[in-house]
Amino acid sequence: GESVGLHLPTLSVQEGDNSIINCAYSNSASDYFIWYKQESGKGPQFIIDIRSNMDKRQGQRVTVLLNKTVKHLSLQIAATQPGDSAVYFCAEKGNNDMRFGAGTRLTVKP
Amino acid sequence: GAGVSQSPRYKVAKRGQDVALRCDPISGHVSLFWYQQALGQGPEFLTYFQNEAQLDKSGLPSDRFFAERPEGSVSTLKIQRTQQEDSAVYLCASSRLAGGPGAKNIQYFGAGTRLSVL
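Line by line, the protein sequences are chains A and B. Per the working numbering, the first sequence starts with residue 1, numbered consecutively. Per the working numbering, the second sequence starts with residue 1001, numbered consecutively.
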């Protein structure tokens, strides 16, 4: 069936390096994508979103890239900090539905 | 408060007990959502309210799950005759504008209620 998934379940980076978290989706009808950050014991926190008519969107230290040709979404975090350690979820919306991926755990090493 | 508030934060129930989970959305938010999050997984949609109307309950796993939002503000998710597979974190989210789970509105999540059924 159609699903949202992530390539890597865990990612470990050195403080100050850039992080790239990937997500694959298979529902071609999805037209809106969101990245959430979830710290331990907390609910998901909105980071950035992108609509399907865009291929790139930038926020503060974060960039989301959307490649509709290969149905791929990525989140880039610049100059990763210890406070960025969390589980990151991509979510896709379409057809009155919202689906989350399983998540990638990002660990930042000092 | 400034954010979505959920209570209790933790709930332990014996199998067969009924439980009630509360959600206080951000004041003035029209839309309210409930999600179930199993350990190590992403949240899964349960149900959606627009004000007091429950417009989508397609994600509720069985008729043991019931949600209400009688005055269009606070919502309660009730699980009857709990079973071990109900153990999960139950998340509530609210959104300022109307629109179901597929709407292009930002959802603000609470910290969740962790339910453990023994």
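None of these hints come from the bench; they were simulated from the model. It should be emphasised that the depicted structure is a prediction, and the values quoted were computed from it without experimental measurement. Be aware that one or more of the hints could be misleading.
[To be verified] Derived coverage of chain B by chain A (criterion: at least 3 residues anywhere in the stretch with Cβ under 8 Å from a Cβ of chain A; other residues may be distant): (1) 1040-1046; (2) 1062-1068; (3) 1093-1104.
Ideal placement from N, C-alpha and C gives every residue a C-beta, glycine not left out.
Here is how each hint holds up against the structure:
Under the rule that three or more residues need a Cβ within less than 8 Å of chain A, the assignment of the stretch 1040-1046 of chain B holds, with 6 such residues. Three residues within the 8 Å Cβ limit are the bar, and the stretch 1062-1068 of chain B against chain A gives 0, so the coverage statement is violated. Look at the stretch 1093-1104 of chain B against chain A: 6 of its residues bring a Cβ nearer than 8 Å to a Cβ of that chain, three or more, so the hint holds.
In the structure shown, a violation is registered for the earlier hint numbered 2 alone.
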